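Chemist: Single-letter residue listing:
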Amino acid sequence: MSEPPSAIGAPGLPARGGAEVLPPPPPARGLTRARVTGIVLLGVWALVGIGTVLFLLASWNVELFTRYAPRYLSGLLVTVELVAISVLAGAVLSVPIALGRRSKSRIIGVLAYTYVYFFRGTPLLAQTFLVYYGLGSLRPELESVGLWWFFREAWYCAIFTFSLNTAAYQAEILRGAIESVGRGQWEAASALGLSRLQTVYKIIIPQAALVALRPYGNEIILMIKGSAIVAIITVYDLMGETRRAYSRTFDFQTYIWAALIYLGIVEMLRMTIDRIERRLTRHLRR
Amino acid sequence: MDYTALLSFGPEGWGDDIASGVAVTVSLALATLPLGLALGFVVALGKRSAEPTLRLSANIFTTIFRGLPELLTLFLVYYGAQIAIQQVVKAAGGETYIEINAFAAGMVALGAVFSAYASEVFAAAFNAIPHGQYEGAHALGLSRRRTMRLVILPQLIRIALPGLSNLWLILLKETALVSIIGLSDILRQTGIASRTTGEAFLFYGTACLLYLVLALISSVALSAVERRVSASGAAR
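Sequence order for the protein chains is W and A. Residues in the first sequence are numbered consecutively from 1, following full-length UniProt numbering. Residues in the second sequence are numbered consecutively from 1, following full-length UniProt numbering.
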């Protein structure tokens with residue numbers, strides 16, 4: 001549908017006076033190529049959905065369900081607990097790191113940057129192995145400082161690693177949010193005679209929170225998804241229970257159920273964040 | 001045994017095994033990248049289509065692959081494809097045990113996840129291109145295909161590059177998951193070394209450092225690309 005590119009100044013074209021605007025072309029009717037493709041793709045998704053439901057119905061097994069449903073529930077609780085503790089501990093840890101990144105001292109700045117770079121630059125799985133197996137191989141040293149009881153447990157190691165990991169990410173979110181608030185806000189607050197603490201609480205945090213909300217929400221979602229790897233170091237979270245159920249039954253529906261549960265949690269969280277964001281930004285909407 | 005001997009490339013050391021792990025990690029990430037980019041671009045086109053059915057199917061895709069844990073996606077692809085193929089073989093009357101290639105499973109799973117995130121980056125970049133660019137191209141008489149290729153894509157790449165660089169760094173880290181389904185990447189090789197020698201801290205520490213080095217090399221290379229791409233564009 002390419003048109004000749006020489007429409008401007010083409011002979012025979014009547015000169016148009018004033019600013020006449022051509023109406024946009026009417027939307028295509030009937031079966032366009034895009035619509036056919038869209039319908040086919042939706043059909044594929046519908047098949048996937050129906051196939052999943054049929055598969056779950058066909059392989060429905062009361063004994064299996066009554067046996068493993070409570071375990072999945074306890075696994076889900078372990079996942080939620082792990083993420084909640086890690087995210088909260090990470091939030092506390094992230095404050096000094098973010099301040100360190102903004103520090104005027106070069107040494108503190110480099111230290112904070114190294115911390116962030118290490119935890120953001122290496123896989124969470126490798127970090128978890130480093131703590132659980134790596135520190136586990138240093139047993140005599142840890143026993144001599146009295147920390148062995150902590151690093152012996154996979155559960156504590158997981159919380160430890162995840163807290164340190166999310167602290168690095170949260171520090172960057174925090175720093176970005178604080179820096180997104182303009183200098184003028186600090187200056188205006190000090191011109192009004194507000195103390196530093198008052199400025200932070202009344203001026204900076206309300207504006208920074210708006211910027212940080214979505215990244216924070218994404219970080220929680222990433223933690224929930226990332227927490228699945230603790231199953232590898234024998235923590236029985238939702239993924240761990242799923243792996244155990246699969247290894248005992250070789251029934252693929254165990255993985256399908258886990259997928260549905262994870263999708264459900266993540267979607268719920270995403271919708272909640274959307275709702276909070278809409279609420280917080282209602283003064284910006286026109 | 002001292003540490004340099006353990007990490008050396010000789011018959012006593014694990015250097016060569018770990019180096020082959022690095023090669024596997026890098027080649028998996030490099031093989032996944034074009035797949036993820038192409039699929040992500042197509043999904044982004046679907047998302048901003050005027051056709052609601054296309055938008056819906058694109059959104060279902062991103063919802064699924066951004067919502068599932070990467071590890072679970074990998075298991076679903078790895079075990080799921082295995083079971084599906086066995087069912088097909090059984091239905092055809094055969095009786096064989098087929099094992100899916102872990103590299104291919106990793107490529108498909110990581111590629112799907114990468115493309116789901118990449119489609120968001122592309123969609124945001126599309127939104128950042130002013131409508132006047134399309135109108136200008138239309139006024140010049142360019143066809144839709146040529147508008148995309150000559151006008152939109154060069155700007156799109158420039159806008160999307162930082163987001164895509166970030167996704168590349170994430171992809172590089174996520175390749176570590178394939179060690180769980182038995183692909184001999186960095187983490188699996190160092191894991192074998194640490195179990196054999198008992199020096200877990202040394203070898204997992206080495207693994208972390210190797211990932212850091214890969215990230216460092218990538219960011220240097222990517223910022224060079226970003227500089228080039230932004231230099232080639234007109235200043236706005």
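Warning: the hint list may mix true and false statements.
Calculated lysine to any residue pairs in the SDA-like style (CA-CA distance at most 25 Å, straight line) [unchecked claim]:
no.	chain 1	residue 1	chain 2	residue 2
1	A	Lys90	W	Tyr246
2	A	Lys47	W	Val36
3	A	Lys47	W	Arg285
4	A	Lys90	W	Val53
5	A	Lys47	W	Arg214
Have a look at the derived ranges for each label pair, beta carbon to beta carbon [stated by the list, open to error]:
no.	chain 1	residue 1	chain 2	residue 2	range
6	W	Val92	A	Asn59	47 to 57 Å
7	W	Phe55	A	Ala104	21 to 31 Å
8	W	Tyr156	A	Gln87	35 to 45 Å
9	A	Ile98	W	Leu111	49 to 59 Å
10	W	Ile276	A	Ile83	34 to 44 Å
11	A	Glu95	W	Ala58	19 to 29 Å
Because the hints were derived from the structure by calculation, they are not lab data. Quantities reported herein were computed from a predicted structural model and do not represent experimental measurements. Positions of the beta carbon are idealized from the N, C-alpha and C atoms, including for glycine.
Chemist: Now tell me if each hint is right for this structure.
Modeler: Hint check:
With a C-alpha separation of about 21 Å, the suggested pair Lys90 of chain A and Tyr246 of chain W falls inside the 25 Å cut-off, and the hint holds. This hinted pair checks out: Lys47 of chain A and Val36 of chain W have alpha carbons roughly 16 Å apart, not beyond 25 Å. A hinted pair counts as satisfied when its Cα atoms are at most 25 Å apart, and Lys47 of chain A with Arg285 of chain W qualifies at roughly 24 Å. At most 25 Å may separate the alpha-carbon atoms for a hinted pair to count; Lys90 of chain A and Val53 of chain W meet this at roughly 22 Å.
Under the criterion of a C-alpha separation no larger than 25 Å, the hint pairing Lys47 of chain A with Arg214 of chain W is consistent with the structure, at around 21 Å. At about 36 Å, the beta-carbon gap between Val92 of chain W and Asn59 of chain A misses the expected band of 47 to 57 Å. Here the CB-CB span from Phe55 of chain W to Ala104 of chain A is close to 23 Å, well matched to the stated 21 to 31 Å. The beta-carbon spacing between Tyr156 of chain W and Gln87 of chain A, approximately 42 Å, falls within the hinted interval of 35 to 45 Å.
Range check, Ile98 of chain A to Leu111 of chain W: Cβ separation about 52 Å, and the 49 to 59 Å hint holds. Evaluation of the 34 to 44 Å hint for Ile276 of chain W and Ile83 of chain A yields a pass: the beta carbon distance comes to about 40 Å. Glu95 of chain A and Ala58 of chain W have their C-beta atoms about 22 Å apart, which keeps the hinted 19 to 29 Å range intact.
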